[in-house]
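Chemist: This is what each chain is made of:
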Amino acid sequence: MGYHDDHQDDDDDDDSTNNNSSTNRTSKKRNVFSILTTSVDLLKECKAPEPEMSACHLFSHVLLNLFPRWEDNGFAILAKILQEEEQDTADWYNDDDDHGNHVGNTQVTREQVDIYASMLERRIKKEPLQYIIGQWDFHNCVLKVRPPCLCPRPETEELVEYVAKDIRQMIELLRIKSVGSSTCGRKVRILDVGCGTGAIGIALANMFPKDVIVSSMDVSEDAVALSVENAKFVLGDDFTLQYHHPLLCSVREYTRTHLNKEEEEEEEEEEDRFANCLFEYDVVVSNPPYIPSHDMSTLTADVVEYEDYGALCGGQDGLDVVRDIVERLPEWCKGNHHDDNDTKGQRTKRPFPAVCWMEVDTSHPRLIQSLLANNKHVEYNCEIQDLSGMDRFVKLLVKD
Amino acid sequence: MYATIAFRLQHAHSGNLRISYPVRLFVSFQNNLQPVTKNTKLGKPTCIQPPFNVFSNATPAFFTTTSTPIITKLETVLSPSIAQRVRDMSRQHDEIMESLISTASAHNNVNTKELSVLAPVSKLFQEFSAIVEEIDAIRELEKQAKELKDEDMILECKQEIEEMSERLESLGKKMIDAVLPKNEDDYSSDAVLEIRAGTGGDEACLFCSELMGAYENVAKVMGWKFEILSVTKTDLGGIKEAAVSINSISGGYNTMGSEDEYNAPNLGPYGFFKFESGVHRVQRVPVNDVRIHTSAASVAVLPAPSESSSNKGELLPLSELKIETMRASGAGGQHVNTTDSAVRITHIPTGITASIQDERSQHNNRAKAIKLISARVRDQQQAQEAKMRGEARNALLGGGDRSERIRTYNFPQDRITDHRCKQSEYGIGKMFAGGFDGNLVSSFSPFLRDMERRELLADIERLGKK
Chain A
17 MGYHDDHQDD DDDDDSTNNN SSTNRTSKKR NVFSILTTSV DLLKECKAPE PEMSACHLFS
77 HVLLNLFPRW EDNGFAILAK ILQEEEQDTA DWYNDDDDHG NHVGNTQVTR EQVDIYASML
137 ERRIKKEPLQ YIIGQWDFHN CVLKVRPPCL CPRPETEELV EYVAKDIRQM IELLRIKSVG
197 SSTCGRKVRI LDVGCGTGAI GIALANMFPK DVIVSSMDVS EDAVALSVEN AKFVLGDDFT
257 LQYHHPLLCS VREYTRTHLN KEEEEEEEEE EDRFANCLFE YDVVVSNPPY IPSHDMSTLT
317 ADVVEYEDYG ALCGGQDGLD VVRDIVERLP EWCKGNHHDD NDTKGQRTKR PFPAVCWMEV
377 DTSHPRLIQS LLANNKHVEY NCEIQDLSGM DRFVKLLVKD
Chain B
61 MYATIAFRLQ HAHSGNLRIS YPVRLFVSFQ NNLQPVTKNT KLGKPTCIQP PFNVFSNATP
121 AFFTTTSTPI ITKLETVLSP SIAQRVRDMS RQHDEIMESL ISTASAHNNV NTKELSVLAP
181 VSKLFQEFSA IVEEIDAIRE LEKQAKELKD EDMILECKQE IEEMSERLES LGKKMIDAVL
241 PKNEDDYSSD AVLEIRAGTG GDEACLFCSE LMGAYENVAK VMGWKFEILS VTKTDLGGIK
301 EAAVSINSIS GGYNTMGSED EYNAPNLGPY GFFKFESGVH RVQRVPVNDV RIHTSAASVA
361 VLPAPSESSS NKGELLPLSE LKIETMRASG AGGQHVNTTD SAVRITHIPT GITASIQDER
421 SQHNNRAKAI KLISARVRDQ QQAQEAKMRG EARNALLGGG DRSERIRTYN FPQDRITDHR
481 CKQSEYGIGK MFAGGFDGNL VSSFSPFLRD MERRELLADI ERLGKK
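From first to last, the protein sequence lines stand for chains A and B. Numbering of the first sequence is given in this note's numbering, commencing with residue 17 and proceeding in unit increments. Numbering of the second sequence is given in this note's numbering, commencing with residue 61 and proceeding in unit increments.
Hints are not guaranteed to be accurate.
[What the hints assert, rightly or not] Calculated pairs, DSS-like style, for lysine-lysine (alpha carbon to alpha carbon, straight line, at most 25 Å):
1. A:Lys411 <-> A:Lys350
2. A:Lys392 <-> A:Lys411
3. A:Lys181 <-> A:Lys63
4. A:Lys203 <-> A:Lys142
5. A:Lys181 <-> B:Lys382
6. B:Lys218 <-> A:Lys411
[What the hints assert, rightly or not] Listed next, the stretches of chain B that the computed footprint assigns to chain A, with coverage defined by at least 3 CB atoms under 8 Å from CB atoms of chain A:
7. 399-413
8. 422-430
[Claimed, not checked] Derived Cβ-Cβ restraints for the label pairs, each shown as a range:
9. A:Gly405 <-> B:Arg513: 45 to 51 Å
10. B:Gly489 <-> A:Glu137: 48 to 54 Å
11. B:Gln152 <-> A:Lys181: 53 to 59 Å
12. A:Met312 <-> B:Gly411: 50 to 56 Å
13. A:Ser379 <-> B:Gly411: 32 to 38 Å
14. A:Thr314 <-> B:Met448: 54 to 60 Å
15. B:Met448 <-> A:Lys181: 33 to 39 Å
Hint data in this document are derived by calculation from the structure and do not stem from the laboratory. Even for Gly, the Cβ is constructed at its ideal location relative to N, Cα and C.
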């Protein structure tokens with residue numbers, strides 16, 4: 017393997033300028049440029065996904081001396097270097113003169129090469145970049161990302177924007193309603209179903225720090241733990257003012273209606289579990305597992321071998337979790353709400369209908385529309401395409 | 061005989077606009093119409109637009125007075141073309157006001173922007189006319205004093221007239237400013253700067269990076285946000301090309317350069333930086349040589365709609381944009397996990413594009429791309445508008461021919477020379493370092509702004525003579 021050759025060089029780490037008059041680009045120089053280009057070749061050879069971008073992301077993450085901060089977006093600078101290499105304008109990288117501290121000619125230490133090499137091995141095995149690096153940008157946040165939780169996708173960023181638009185209107189309506197009363201408008205209540213990394217809920221809490229209170233839930237313990245970690249990471253130590261501790265439960269379980277009267281003991285437990293939950297959400301948002309099971313075999317290895325199956329597959333038509341949500345919506349979104357600031361515990365009517373936004377499979381909007389055709393409580397509002405032009409988002413209204 | 065009344069009408073209109081609509085009537089003594097003056101003992105006279113159009117060049121037949129009519133007095137302070145423009149704009153303003161009063165408020169589609177441009181002109185014109193009348197009145201007094209041989213009185217009158225004339229002069233200047241066409245972008249738009257290294261290889265790239273640093277310092281000192289949209293760095297930490305956005309925060313404009321009297325708004329980032337457009341030429345001895353090298357960097361300053369300003373409607377409508385991502389083919393969504401989040405936006409009507417790939421998240425790439433394309437589209441719009449107005453789009457009036465060499469930076473002599481206003485400043489390091497006064501932009505902008513005013517004035521003159 018090409019890059020191992022570089023190890024056989026000098027043993028010391030503080031590499032002074034190599035005065036070999038070799039003009040071969042892949043020679044014994046251990047500079048950023050040579051390692052970068054060699055590793056791209058390697059990734060291509062081993063059929064790793066997205067060889068160029070992978071190299072840039074992983075390598076820049078290692079080069080903390082050049083790119084000390086996450087926000088430096090070092091990967092973009094490495095990407096430009098690669099582009100120049102393609103256009104064959106990077107002759108000066110071969111000079112033996114030390115041009116000082118510019119990127120391509122910067123020497124790379126052995127440790128850095130070792131770390132990079134282990135990352136490359138993982139990528140060759142098709143592991144997602146977000147898992148290897150451990151965090152990624154999402155909307156207006158940086159989130160920790162760990163297996164098996166689903167890596168947030170760009171479509172979900174768009175979902176956040178659409179929900180945010182509705183939330184803005186809600187905040188305004190609540191403010192208007194509270195004019196003249198002694199209390200200020202209450203916070204908008206959001207429920208993030210299947211929170212995963214916590215992406216959606218945390219992004220919304222970050223956008224509207226004083227105006228929303230987010231509850232969330234997931235069936236995975238890993239997801240619950242990661243969401244808490246991200247809430248703290250993004251929103252700060254007092255995140256519970258905006259973001260409640262996620263519940264470990266399924267959509268089906270999140271209810272107070274007990275159909276099974278035989279198991280009275282369990283009933284009481286469940287009663288305890290959700291005793292403090294105010295089933296009066298204004299916004300229910302979800303990126304539920306929505307891939308139809310027959311599509312699961314078409315997925316690429318980096319998705320299907322690493323990310324949680326349960327976070328991806330939504331049953332035969334992909335709508336299992338969506339159906340569960342639809343069933344629960346009327347109970348979750350009761351219209352007569354408590355005013356958080358009203359100590360008398362009075363209830364006032366919500367000045368807008370509750371909404372449910374979901375990211376779904378392209379095949380789903382039509383199916384959901386017919387699913388709701390005879391539903392008295394939940395109304396299909398619209399579907400919206402994502403930036404690639406595919407049907408991706410649905411909006412439902414919960415009638416009081 | 062006609063009754064003699066001078067009074068001031070005030071209209072409260074639709075609760076939002078409060079118009080002070082001064083009214084003035086004429087006195088006719090034996091067919092000799094005279095403007096009501098101080099001596100008529102009815103309080104301070106103010107001006108009204110009589111039923112006939114007193115602002116036309118034709119003098120109504122019966123308007124013969126002993127004092128010189130107001131019409132010609134404007135020309136003592138202003139050129140005929142400017143004077144004409146003042147009158148035209150005043151009349152336009154008054155016409156709009158009249159129509160406001162006569163039509164029901166529900167049917168008004170007042171063009172408040174237009175009105176806000178015309179109102180100062182009208183106000184100044186009224187002030188001007190009022191002072192002219194006062195001068196006339198004092199001249200009368202002077203005449204009487206001369207007959208009575210009252211020396212003290214004569215002196216007093218002369219002093220007053222002198223004072224008044226000075227005020228007329230200063231009003232004249234203000235009228236010129238009020239009458240000049242204003243580029244709205246100067247006040248309400250953010251700026252997008254596109255900096256590119258030109259000839260000179262490494263040296264040019266190094267200079268680009270320094271130039272960008274200088275602009276960042278200026279933005280900082282003005283209290284604006286400096287955000288890099290995209291950057292291509294090359295060797296020695298130089299910059300091959302970069303796109304940068306300078307935003308005013310929360311609608312607050314800086315407080316410098318305020319012309320307070322009639323609350324003229326302050327310049328926004330675009331208006332402030334716009335004169336930087338063009339080619340900056342550098343003469344310097346590079347690190348690894350002894351001879352002087354010449355290199356160049358080109359800067360383009362584009363107006364970008366400000367998120368903080370009230371005119372959010374200026375943002376490009378989404379229906380005109382085609383947004384492309386890397387996820388174009390396949391199922392997308394949960395099916396795929398690609399981290400290539402580059403975004404390219406095309407403005408369909410003009411074909412202008414902008415693509416950004418420097419951010420990890422598609423959301424951030426998209427935000428930056430929208431900013432960039434808005435600026436580019438607005439810039440082209442501006443060029444077309446100027447073209448339609450028949451104005452030569454030179455580097456002075458905001459980023460015309462980008463290949464025009466505007467400045468030379470001579471490092472051995474530590475001097476920067478701006479070729480447009482022909483000014484030279486010394487101390488390149490200090491100018492690059494920032495500071496409120498004496499930074500790279502503020503060292504030259506007063507001269508350039510002056511030149512711009514003169515050019516605009518010259519335009520009006522040219523149009524007036526047609």
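Chemist: None of the hints should be skipped; say for each whether it holds.
Modeler: Now the hints, each set against the structure:
{"no.": "1", "hint": "A:Lys411 <-> A:Lys350", "result": "18 Å, holds"}
{"no.": "2", "hint": "A:Lys392 <-> A:Lys411", "result": "16 Å, holds"}
{"no.": "3", "hint": "A:Lys181 <-> A:Lys63", "result": "42 Å, violated"}
{"no.": "4", "hint": "A:Lys203 <-> A:Lys142", "result": "43 Å, violated"}
{"no.": "5", "hint": "A:Lys181 <-> B:Lys382", "result": "21 Å, holds"}
{"no.": "6", "hint": "B:Lys218 <-> A:Lys411", "result": "80 Å, violated"}
{"no.": "7", "hint": "399-413", "result": "holds (count 4)"}
{"no.": "8", "hint": "422-430", "result": "holds (count 4)"}
{"no.": "9", "hint": "A:Gly405 <-> B:Arg513: 45 to 51 Å", "result": "50 Å, holds"}
{"no.": "10", "hint": "B:Gly489 <-> A:Glu137: 48 to 54 Å", "result": "49 Å, holds"}
{"no.": "11", "hint": "B:Gln152 <-> A:Lys181: 53 to 59 Å", "result": "41 Å, violated"}
{"no.": "12", "hint": "A:Met312 <-> B:Gly411: 50 to 56 Å", "result": "42 Å, violated"}
{"no.": "13", "hint": "A:Ser379 <-> B:Gly411: 32 to 38 Å", "result": "35 Å, holds"}
{"no.": "14", "hint": "A:Thr314 <-> B:Met448: 54 to 60 Å", "result": "55 Å, holds"}
{"no.": "15", "hint": "B:Met448 <-> A:Lys181: 33 to 39 Å", "result": "37 Å, holds"}
Against the hints set out earlier in the document, violations occur for numbers 3, 4, 6, 11, 12.
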